[in-house]
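K.L.:
Got chain L; can you put chain P on it based on the hints?
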Amino acid sequence: MQPTETPIKAEARNLSFYYNGGHKALKGINLPVHEKKITALIGPSGCGKSTFLRCFNRMHDLYPGNQYEGEIVMHPDNTNILQKAVDPIEVRMRISMVFQKPNPFPKSIYENVAYGLRVRGETNKRDMDNKVEEALRGAAIWNEVKDRLHEVAFNLSGGQQQRLCIARALATDPEIMLFDEPTSALDPIATASIEELMSELKNKVTILVVTHNMQQAARVSDYTAYMYLGELIEFGNTDTMFTKPSRRETEDYITGKFG
Amino acid sequence: MSMATEVLNNPLELRISDRLAKNFRRHFKERVIEFILMMAALSAVATTVGIVAILLYESAGFFAHVSIVDFLTDTQWTPLFEDAHYGILPLVMGTLVTSGIALMVAVPLGTIAAIYLSEFASHRVREICKPILELLVGVPTVVFGYFALLFVTPMLQKIFPELPGFNMLGPGIVMGIMIIPYISSMAEDAMRAVPMSMREGSYAMGATRFQTAVRVVAPAATSGIIAAYILGISRAVGETMVVAIAAGQQPTMTINPMEGAATITAYIVQVAMGDLPHGSIGYQSIFAAGLVLAFMTLFFNLLGHLARKKYREAY
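Chains L and P are the protein sequences, given in the same order.
Counting along the first sequence from 1, when you hit position 54 you're at 39 in my numbering, and nothing is skipped either side.
Convert by adding 260 to the 1-based position in the second sequence; the result is the number in my numbering.
Some hints here could point you the wrong way.
Covered stretches of chain L (in silico footprint by chain P; criterion: 3 or more residues with CB under 8 Å from a CB of chain P, positions within the stretch not fixed) [to be verified]: (1) 41 to 52; (2) 74 to 83; (3) 100 to 106; (4) 153 to 165; (5) 185 to 198.
Chain P stretches covered by chain L per the calculated footprint, using a threshold of three residues with CB under 8 Å from any CB of chain L [what the hints assert, rightly or not]: (6) 332 to 343; (7) 458 to 466.
Sample of chain L residues with no beta-carbon within 10 Å of chain P, all distances over it, derived [to be verified]: (8) Gly13; (9) Gly31; (10) Glu119; (11) Ser142; (12) Cys150; (13) Asp172; (14) Arg204; (15) Thr225; (16) Asp237; (17) Gly241; (18) Lys242.
To be clear, the hints were calculated from the coordinates, so they are not data collected in a lab.
Built from N, CA and C at the ideal position, the CB exists for glycine as well.
Okay, chain L solo, but in the shape it has when bound:
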């Protein structure tokens, strides 16, 4: 399967990023994100993969002095979501995120999932109940929590908390989901369940995932991008990338000669 065969959901065009203080963390990145596929970003620590991911929901806007250059164009509306005129809140309404460390809110399991809906002004209890259940089912955690929806979310195990965070990000029907090293704080069993979940989720949503675990990228993703020192070194079909990468640096990293 070639990268051009599926429609493109979003695409970075000559994207550079400067942290407050002028450090250039991303250097002119061009990368397509294919619709309803999983795109993995790999590379050694500090290569800018998380920085790149966080451009997609304008997370960098939370801290003063950060600066974007270039574009991230989202389809089908063909809008550059990095424009000053675009409201980051609107972007985050369409692109949700799952973090490295599970970060449930100090609320009940139900309220955690309902949060995004409430923020969007949803008040109808029946609709809310349905959407919460649907999201919890979608995140494969419904059976474990259906009898204790009103217990505080901190009582869940780490893996359950992460699936709850996925349910939270899923409840608002996002077009793209960003995963920032979603399993790095989890044990192997919880990791396997999250990976399985991601493979199911791609039927309905486009996924962009940062991982420092190459086996994970190979297992779950359709496309892989290898980044190094703020640059995109190689992008391609995951199978091709892991069997016959075209760049020497990629091969070195994948085979563990470096990184």
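P.N.:
Just chain P now, with coordinates in the frame of chain L:
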């Protein structure tokens, strides 16, 4: 004889090498430090115990003359009159009403200030505002007292012409303003301690700053915010100068803030500064009043402790 040879002489411990043997000098030093630290900690505990003991001892003399039932149920407090009554209720009322007004001012304003400083203000604004706000703590309470009497009350009299010169409303409001920095500073610290990852989680869901502050950060910091309120309550209940100066010193059984009244603290300062002979019942009455004050503060602290335990959040 050195330690090493001592150890070597004991056949059971033969395998302990010279370098692993217990270092007695280090051990001794640790013990000395531990002792000094413990004494420092004990000094605070001993003071508290001492105060409570003296309060109990002196009030025992008072309660030999006045029955506890009268003390707790009589609605008049006139220990210095010919027809003496020893009902603590008017003083408790005065304390609760002035503290209540103070909290109605300080809790909302202090919380809002804390939310602003922690979640909205830029680094620069916070660095300028916080020290200025905390400067309020340094203003002597006697200044606040005259401020209440000579500035706030006359201003309130323009709105309520029938308000007497001594009333509970003016000093209550001023006490509230005085307490704001205690509450805002502590509540802000609690909110700033909420990890950034939790805020990011909220923003990533498309929440605004206000939604994030009110729905995620404040609930996560509940236990610290409650601690701030408790500190505020303790300050209000224990405050003396402002109410002694501006609320009048007339024990009155009323919950009407437009009237003057005496608080427990105001009564204590009145008697302690007066010329009542030691050992007289009027003199002893201030220890009974002090005991009630100590119990009130203890009660609020316990309440706060329970609330904090209930709302403790692990993140």
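K.L.:
Please go over all the hints and tell whether each is borne out by the structure.
P.N.:
A quick look at each hint next to the structure:
1. 41 to 52: holds (count 4)
2. 74 to 83: Since 6 is at least three, the answer is holds.
3. 100 to 106: Satisfied; 5 residues make the cut.
4. 153 to 165: holds (count 3)
5. 185 to 198: violated (count 0)
6. 332 to 343: violated (count 0)
7. 458 to 466: Per the Cβ count (9), the hint holds.
8. Gly13: Gly13(L) clear of chain P: closest Cβ-Cβ about 26 Å, beyond 10 Å.
9. Gly31: holds, 19 Å
10. Glu119: holds, 17 Å
11. Ser142: holds, 14 Å
12. Cys150: Incorrect as stated: the minimum Cβ-Cβ distance to chain P is 7 Å, not above 10 Å.
13. Asp172: holds, 19 Å
14. Arg204: holds, 25 Å
15. Thr225: Thr225(L) is indeed farther than 10 Å from all Cβ atoms of chain P, at 32 Å.
16. Asp237: Holds, since 33 Å exceeds 10 Å.
17. Gly241: Per Cβ check, Gly241(L) is outside 10 Å of chain P; nearest 30 Å; holds.
18. Lys242: At about 34 Å from chain P, Lys242(L) clears the 10 Å cut-off, so the statement holds.
The structure fails hints 5, 6, 12 (numbered hints given earlier, in ascending order).
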